[in-house]
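First to last, the protein sequences are chains L, U and G. The first sequence lines up with residues 0 to 263 when you count with numbering that gives the first Met the number 0. The second sequence lines up with residues 0 to 154 when you count with numbering that gives the first Met the number 0. The third sequence lines up with residues 0 to 105 when you count with numbering that gives the first Met the number 0.
Note that these hints are calculated values from the structure, not bench results. Values in this document were obtained by computation on a predicted structure and should not be read as measured data. One or more of the hints may lead you astray.
[Stated by the list, open to error] To list a few chain U residues with every Cβ distance to chain G over 10 Å, as calculated: (1) 46; (2) 51; (3) 57; (4) 59; (5) 60; (6) 61; (7) 65; (8) 86; (9) 140; (10) 143; (11) 144.
[To be verified] Label-pair distances were calculated between CB atoms; the ranges are: (12) 100/U with 98/G: 28 to 38 Å; (13) 98/U with 226/L: 31 to 41 Å; (14) 174/L with 1/G: 42 to 52 Å.
Quick reminder that beta carbons are idealized off the backbone N, C-alpha and C, glycines included.
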Amino acid sequence: MLKLRGGIAAIALICLSGSGHAADPLAVGRQMLAEDNPGEMWVDRGKKLFYEKRGPKSASLEKCDFGMGPGKLEGAAAQLPRYFADTDSVQDVESRLVSCMVEQQGFKRADIAKTAMGNLDRMSDVEALVAFIASKSNGMKMNVPLSHQKEYDTYKAGEYIFYRRNGPTDFGCINCHGENGKRIRLQDLPNMTDQKQMQEVVSTWPAYLGTQSNLRTMQWRLKICYWQMRLPDLAYLSDVSVAITSYLNHQGNGAVIQVPGVKR
Amino acid sequence: MNLLRRTFLKLSGATAALAVAVGTGLLKTGEALAATWNKTAFESKALTDTLKNLGAVGAAESPDITITAPDIAENGAVVPVAVTSKIPNTQSISIIAEKNPFPLSSTFDIANGAEGYVSTRLKMGQTSNVRAVVKADGKFFYAVKEVKITIGGCG
Amino acid sequence: MSEPMKIRATLQVDTADVRILMLHPMETGQRKDAKGAIVPMHFIQNVAVAHNGKSVLDAQWSQAISRNPFLGLRVKGAKVGDKISVTWTDNKGDQRTDEVAVAAGQ
Chain L
0 MLKLRGGIAA IALICLSGSG HAADPLAVGR QMLAEDNPGE MWVDRGKKLF
50 YEKRGPKSAS LEKCDFGMGP GKLEGAAAQL PRYFADTDSV QDVESRLVSC
100 MVEQQGFKRA DIAKTAMGNL DRMSDVEALV AFIASKSNGM KMNVPLSHQK
150 EYDTYKAGEY IFYRRNGPTD FGCINCHGEN GKRIRLQDLP NMTDQKQMQE
200 VVSTWPAYLG TQSNLRTMQW RLKICYWQMR LPDLAYLSDV SVAITSYLNH
250 QGNGAVIQVP GVKR
Chain U
0 MNLLRRTFLK LSGATAALAV AVGTGLLKTG EALAATWNKT AFESKALTDT
50 LKNLGAVGAA ESPDITITAP DIAENGAVVP VAVTSKIPNT QSISIIAEKN
100 PFPLSSTFDI ANGAEGYVST RLKMGQTSNV RAVVKADGKF FYAVKEVKIT
150 IGGCG
Chain G
0 MSEPMKIRAT LQVDTADVRI LMLHPMETGQ RKDAKGAIVP MHFIQNVAVA
50 HNGKSVLDAQ WSQAISRNPF LGLRVKGAKV GDKISVTWTD NKGDQRTDEV
100 AVAAGQ
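With the sequences and hints as input, model every part of the structure.
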């Protein structure tokens, strides 16, 4: 067995080409982490925060409508992003949550944006709330609607963005996520033109990331993708981010949601 | 009668005695409340010193110790490791990452009906043997398993 | 005030399968913050697990245990409703105790 610098055997490179390989040497580690996922602590905290009276208006989030009626969370994440008449826009879990935090609890949007992503010293409230809300769709199938014109337009915008190459590196999502067997160093990249792989992606976000020591949402993941492509900063809860989320989730329709995921 | 002993006897209550003990330097403040922590073993840098400070020199390799850990870990900061010891009367399990700057990561003392089983997650600086050292009936045994650490690249 | 641990204790025949997730920075004392200053060592040194008040496991940890650490153990001779209590103590002297009742397995 040829040993490369750092002790990583050449055979490992072959084993890492695509998920589902018979003798996957990464499987044991992933399984052990998934069985006891630190992300569950974010779900617990999110549940506490959801029902607590918070913000200048001292209100809970029980009146927040995620598309199934005020305060109804079972199955809500499974049908997001979708159109909401009160904001006349298509919103995903996180942007809908933030709307409610602003309208019903009186928080300032700019303040939320500053602290939406936790760090090594602080858990974020938003990430905990998204984890809790998303977990209420566990066991249900992703079922993003395209019945309203704006839902369809947002989805098509997301599809366009997915394939469009931009910026100094001429990168689009398609470059990393358009073929089987691609990876960055030794990390697998899912092929998002393959429905099965897409389903695995959308059903496992939000996720606890070992490298972040935090639970992260799709908003974080997309922001990092944009950074890696050397494109301008992807603004928090931007139309672009919701459009991409809409495209990804819809392409993953049928996926059985199981969150929080756990990733490196 | 020794002055200190008279002082002890005069005071009532554990807190008062403790305060006196700390004040007179009989107990260092940190030690008074902390449980055992094997400083010499944890601060050992070489594997041989770690084993010596665990009292485990001359440990026999044992097929009755199973290390469950990934062959390849995606993230060296979070490497799951579980150790199962089928050796009767297992008293303690220690987990060593041989190439870490301080190889000893943890020691688990088992009592009163707990199984010879522990599971945790380690930080590993590089590909290395993970060594489980088991103390049973006063004797030491060990097993090793190599865990390779990879570098990802997706954020 | 530290965040609560997440403890699951499920009965498998007569053994409680106990899994504990904790929130703790487990700082090694090697990391530098954004300003370039060393973040001091801050890690859980001891974890004590008791079953109905009797000690079953005493763990000593180094800073090499992962951030937001995990501990799994198995307690023989357990019954549904038995108390599993977990206490961690870190190198700064901070301490936290959480407990659960053993639940029926599937």
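Numbers of unmet hints, in rising order: none
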